[in-house]
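Enquirer: The residues making up each chain are set out below.
There are 2 protein chains.
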Amino acid sequence: MRAREASRTIARADTETKNEVLRRMAMLLEERGEEIVKANAQDVEGAGRRGLRPALVERLVFDKRKIQARIRALMKIAALADPVGQIYGADRRPNGLMVGRMRVPLGVILMIYEARPHVTVNGGALALKAGNALILKGGSEAKLCNALLGRFWMDALETCGLPTDAVQVVSFGHDAVFELLKQDDLIDVVIPRGGKELIKDVRERSRIPLIKHFEGVCHVYVAHGADKKKALDIILDSKLLMPAVCNAAETVLVDEALCEWLPDLVSALRQNKVEVRGCPVVCRHASDVKPASEDDWSTEYLDRIYSIKAVSDADEAIEHITRYGSGHTDVIVTEDYSLANRFIQEVDSSVVLVNASTMFCDGESLGMGAEVGISTDKLHARGPVGLEGLTSYKFVVFGDGQIMGQT
Amino acid sequence: MRAREASRTIARADTETKNEVLRRMAMLLEERGEEIVKANAQDVEGAGRRGLRPALVERLVFDKRKIQARIRALMKIAALADPVGQIYGADRRPNGLMVGRMRVPLGVILMIYEARPHVTVNGGALALKAGNALILKGGSEAKLCNALLGRFWMDALETCGLPTDAVQVVSFGHDAVFELLKQDDLIDVVIPRGGKELIKDVRERSRIPLIKHFEGVCHVYVAHGADKKKALDIILDSKLLMPAVCNAAETVLVDEALCEWLPDLVSALRQNKVEVRGCPVVCRHASDVKPASEDDWSTEYLDRIYSIKAVSDADEAIEHITRYGSGHTDVIVTEDYSLANRFIQEVDSSVVLVNASTMFCDGESLGMGAEVGISTDKLHARGPVGLEGLTSYKFVVFGDGQIMGQT
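Residue numbers (our numbering), protein chains in the order written: chain A, 256 to 662; chain B, 256 to 662.
Treat the hints loosely; a few may be bogus.
If several chains are the same, the list does not tell them apart, and a pair holds so long as it fits within one copy or across any two.
With a straight-line cut-off of 30 Å between C-alpha atoms, the simulated DSS-like cross-links for lysine-lysine are [as the list claims (entries may be wrong)]:
no., residue 1, residue 2
1, LYS437, LYS451
2, LYS455, LYS437
3, LYS319, LYS484
4, LYS484, LYS528
5, LYS331, LYS398
6, LYS319, LYS545
7, LYS293, LYS398
Please keep in mind that the hints were generated in silico from the structure rather than gathered at the bench.
Using the sequences plus the hints, can you model the full thing?
Expert: Written as structure tokens, this is what we have:
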């Protein structure tokens with residue numbers, strides 16, 4: 256397959272050439288932004304006609320402001336250190352062998368996503384920088400805009416003397432995608448991004464390893480010894496900044512010892528137009544709170560809704576998170592040192608925070624520069640996946656004639 | 256499932272308790288070695304009756320010497336650093352957040368293997384040390400010995416107050432195994448060890464990620480500028496030490512400039528009872544060499560046979576390795592600095608060596624203390640898989656009330 260061929264060239268491309276492709280792509284976005292806006296407007300119009308959900312239409316929009324954000328992202332990814340060829344874990348063995356691990360590209364990545372054309376830019380940039388070839392299968396609702404961005408990638412690659420097959424925007428139908436998901440000799444990893452159903456579908460049918468998360472049922476646990484001001488800031492930030500992203504919090508757990516504080520919390524949330532659904536204890540302490548159903552505890556609202564539950568202690572909080580959470584991002588708010596420590600140890604989520612907003616589950620905030628998605632899997636990459644997550648490694652061994660046995 | 260339950264306890268077990276289990280297991284092997292030898296003898300007898308291949312019978316044997324080796328391995332794994340809870344990549348972000356990655360166990364591991372009862376000891380020790388629960392499905396030919404070792408594990412776990420479900424030796428049939436391979440909510444990773452067919456079978460049917468390799472078609476490339484003494488030592492060691500292991504070399508590539516040396520090489524191999532199959536150039540230079548067929552270049556002999564090919568230059572050698580190799584372990588012998596460098600960069604195998612035997616593709620030689628197998632996959636773990644390969648990580652973030660936006 257052409258992507259496999261191209262991946263061999265990209266794997267060996269030098270850093271400066273790869274960066275030049277990203278800068279050239281940024282230039283194309285700058286110079287030909289109006290074409291993109293126009294193609295996107297047609298996509299949006301078509302989506303409107305077909306009655307796409309407003310939340311999805313919102314994601315589909317790729318306007319001047321979003322294009323500028325992508326240009327900045329491209330320049331930033333170009334400025335990141337090249338992971339390919341980095342050597343780490345180097346050591347000299349007693350027999351004199353020098354051993355290290357060298358980061359190498361994964362090979363060919365298939366990205367399957369809905370709506371968001373910005374993934375077409377961002378995914379391409381990160382995959383290329385990490386030395387991989389990439390096949391981008393965006394949603395049909397973003398067809399025109401993605402096709403145009405695909406041509407820009409071809410142009411940028413060609414200008415820099417790299418194979419244009421290294422970033423391929425494809426638009427074929429479901430059956431062809433399902434066929435692709437069986438080609439484990441041609442594709443090394445699949446990154447599906449989108450709703451739970453899309454990801455379940457891909458998992459069912461893929462014989463290729465995935466980097467994925469299904470959903471983000473994230474918690475803020477306000478524990479014994481919490482600073483209430485910090486707690487409120489964190490609860491509000493974890494919901495309001497971007498209610499529809501996977502790392503927005505869905506549930507607040509509050510120690511029963513802090514029940515007196517519940518009316519303040521509920522009223523602050525209401526002032527910020529957040530609907531509250533509470534357990535019986537919460538309903539008793541704050542007025543007019545809708546009772547939460549069993550389903551609420553495992554629901555990713557992706558909306559201005561919080562479920563709130565009173566817990567008797569940290570045991571119950573951690574148990575609740577283990578049972579209902581999705582292993583994505585969970586926070587404890589407390590000034591109690593031992594409790595913070597225990598939460599960090601015992602909560603097995605991809606990102607566990609003390610006294611900080613769930614919004615920091617993000618490649619840039621955690622120091623990776625940029626991310627291609629979040630993983631809640633335990634194999635290979637967990638949490639935000641940056642350049643390093645798009646690489647593998649090989650052992651490199653420098654000897655001087657060493658053999659193991661007597662010959 | 257019971258293994259999932261047990262994995263939660265093992266994940267939190269302290270280092271000393273885990274080490275105590277390993278030492279207790281070593282003690283049981285020491286004290287009750289004769290029972291093991293007896294059970295194994297019955298297995299071997301049964302295998303003989305059923306006409307198992309001699310190579311497999313050889314692997315099945317678990318005698319006093321092999322038991323002693325396992326006792327030493329257990330003590331050594333007990334002495335290794337505990338990977339669980341290690342923090343790495345720690346950094347302080349500009350907003351004051353302290354961010355790090357904490358190693359955590361993978362969860363539940365399923366190991367599927369043929370014959371070799373030593374895997375029942377070794378796999379259990381490494382999985383436990385890395386905080387995982389383990390299900391061991393050995394071959395039916397090793398049933399009695401494995402069952403006994405399974406009882407020892409239970410005994411050792413119970414004595415140390417850990418759940419006996421943490422290491423389970425199961426002996427059910429193929430259908431039940433295939434059923435297990437669908438339980439991706441109960442098992443986190445599958446490690447198949449054995450013949451190519453076994454591994455293909457597991458891959459076909461598994462919905463759970465695998466850590467695996469199919470085969471080892473490993474090369475020694477004797478390049479321009481090679482020290483012939485080192486080359487010969489490495490070629491002999493890479494085959495003779497253990498001809499039946501995956502990292503034994505199968506093919507020697509020799510630069511055409513070194514053709515005069517071919518008769519010496521062939522005669523040295525013959526003296527060591529190694530059969531040689533050569534390309535036309537090799538057959539022309541050395542007498543009585545059997546011509547290699549196209550199939551020879553991709554065959555893992557696992558036997559005292561070498562295929563030898565003359566190549567015109569490094570390009571041809573690297574191309575040959577890329578085309579016919581299995582991405583396992585490949586060696587260049589040369590004193591030419593730039594050539595060594597190029598080989599290291601361009602050969603994309605799990606272990607790439609300069610002037611050293613393929614035998615060093617081994618967890619202990621490469622500094623991991625011990626290994627649970629070799630991976631030629633690019634996701635998660637590549638090359639020898641040690642304790643670290645049996646862990647995942649989570650991001651841990653220590654804040655002081657940080658939020659991302661204005662609330």
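Enquirer: Confirm or reject each hint.
Expert: Now for the hints, and whether the structure bears them out:
no., hint, in the structure
1, LYS437 <-> LYS451, "both (21 Å within a copy, 19 Å between copies)"
2, LYS455 <-> LYS437, "both (15 Å within a copy, 14 Å between copies)"
3, LYS319 <-> LYS484, "neither (37 Å within a copy, 67 Å between copies)"
4, LYS484 <-> LYS528, "within (19 Å within a copy, 79 Å between copies)"
5, LYS331 <-> LYS398, "within (27 Å within a copy, 58 Å between copies)"
6, LYS319 <-> LYS545, "neither (41 Å within a copy, 69 Å between copies)"
7, LYS293 <-> LYS398, "within (13 Å within a copy, 68 Å between copies)"
The structure is inconsistent with the numbered hints 3 and 6, although it conforms to all the rest.
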